[in-house]
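If you're matching them up, the sequences are chains A and B in order. Taken in order, the first sequence gives residues 1 to 40; the numbers are from the numbering used here. Taken in order, the second sequence gives residues 1 to 363; the numbers are from the numbering used here.
It should be emphasised that the hints constitute simulated quantities derived from the structure, not laboratory data. Bear in mind that the values here come from a model prediction, so they are computed numbers and not experimental data. By construction, the Cβ of each residue, glycine as well, lies at the ideal position given by its N, Cα and C atoms. It is possible that part of the hints are untrue.
[Claimed, not checked] Label pairs and their in silico Cβ distance ranges: (1) A:Gly15 with B:Gly314: 58 to 64 Å; (2) A:Tyr33 with B:Lys138: 19 to 25 Å; (3) A:Ala27 with B:Asn68: 56 to 62 Å.
[Unchecked claim] Okay, the calculated bits of chain A under chain B, using three or more residues with CB under 8 Å as the criterion: (4) 13-26; (5) 29-35.
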Amino acid sequence: MEEEVKEVKNEKGWGSGVLVGLVIGVALFMLTYQLLLMAK
Amino acid sequence: MEKNFSRRSFIKGMAVGTLAGYIGTAGLSSTVFKSQLLPKEMLNPVDIGQIKGLKIKVISETSWYDNNVFLNDVKKAGGLLVNQYEIPWTREGVKAGYQGDNLGGFATYIEAEQMDGKVMKILLDSGWNPHWMDKRFKEEGIAEKLATKEIDFQVITHEHIDHFFGIESTTRHYPDIPMYVPKGFYQEGFDLLKGKSFPKANVKNDHPHKGKITVLDSKQVNVLYPGIALMTFDVPIILRVFGEQAFVFNVKDKGLVLVTGCCHQGIISYMEEVRKKIVGGEKIYAVQGGLHISPFEDWDPQYDDLIMAFNKYGVQKIGCNHCTGFITAEKMLKAGLPVVKGTARHMSKRDIYLGNGDELVIA
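With the rest of the complex left out, here is chain A (with noise of 0.2 Å):
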């Protein structure tokens, strides 16, 4: 029963590790957008 509280708790850091991800996400995508520009 212990345990099974323990895993719930883990989760905590899904929403921070997302919103982190999608800035990076967001960053790397207009990266490549102005490389494949410059390549150009």
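Dock chain B against the given chain A, drawing on the hints supplied.
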């Protein structure tokens, strides 16, 4: 940091977020924000304007006279990727050649009548062997038109030997002729224009060019005058050359006329680009010049597909020559394509080409 914060969950979340962020931004930028991000002409084709009529005269389409001698020169130098300025080209003892010289050259003279009646006179390329080009320029009145500065400008389609090495045939008459070259021209090319010689390749220019040189790139359709545009292609070409450009004219009541040097960009790619980027691109009326399909008279079944593909563009006149290949011209005729025949004069070998001294008039 919170006591129960899991590093593993955070990383998992970050991976999902990064993927979603990347795909999401790509999706938004290609749809909602498309108009802000893409260059105008990729969104809307360019209207290049119109001209009243066009005359295209082939000055020389015979670049060399014996394919085997030419290929042997290339082979001895190390193959098709060797720098053209480093190859000792055969200049004598060739039976089929002009005065024993294997070299000829490519040049075309164009008159484009604008809507207000003014006629723009254009020289496309300058051949290879200056003796041959001087003779042809004299015979067709080009030398005189250059000397009197009647010709408005010269376009060098690409840096290849047979289109560019005979530059002194132009500059001896008109050293300050305005010139357009494609992006990708090597330093050797600019040096040759300035008068440098390349003894190994047997090429020289005793009449340095002193006029304005404009380098055109492939980022946009380059409209030079109403109805007259150049499209540049970033293509790597054999003998260490890069970049080629070709003309698009828009003739009133007829449609677009494409005039090429060698068309290393590929004739189908060229027509596709024209369709996409130029207003009226769906109506290509005529194609003239080298189409670069079987220049060494070899044949591959994929070229049959290419000829079949030609059919869908509805071109009404094809004045092919130079690097097109006689086999290609024959197959085009068999396929019912409207190949305009020439007269096989001035050392042009067969009338299946629009040859030296022949003219295509569109008005």
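Now the hints, each set against the structure:
1. Distance hint check: the CB atoms of glycine 15 of chain A and glycine 314 of chain B are about 59 Å apart, consistent with the given range 58 to 64 Å.
2. At about 55 Å, the CB distance of tyrosine 33 of chain A to lysine 138 of chain B disagrees with the hint of 19 to 25 Å.
3. Taken as a hint, the range 56 to 62 Å holds for the pair alanine 27 of chain A and asparagine 68 of chain B, whose Cβ atoms sit roughly 58 Å apart.
4. For the segment 13-26 of chain A, the stated coverage by chain B holds: 14 residues have a C-beta nearer than 8 Å to a C-beta of that chain, and at least 3 were required.
5. Counting residues of the segment 29-35 of chain A whose C-beta sits closer than 8 Å to any C-beta of chain B gives 3, which meets the bar of three, so the coverage hint holds.
Hint violations for this structure: number 2 only, all remaining hints satisfied.
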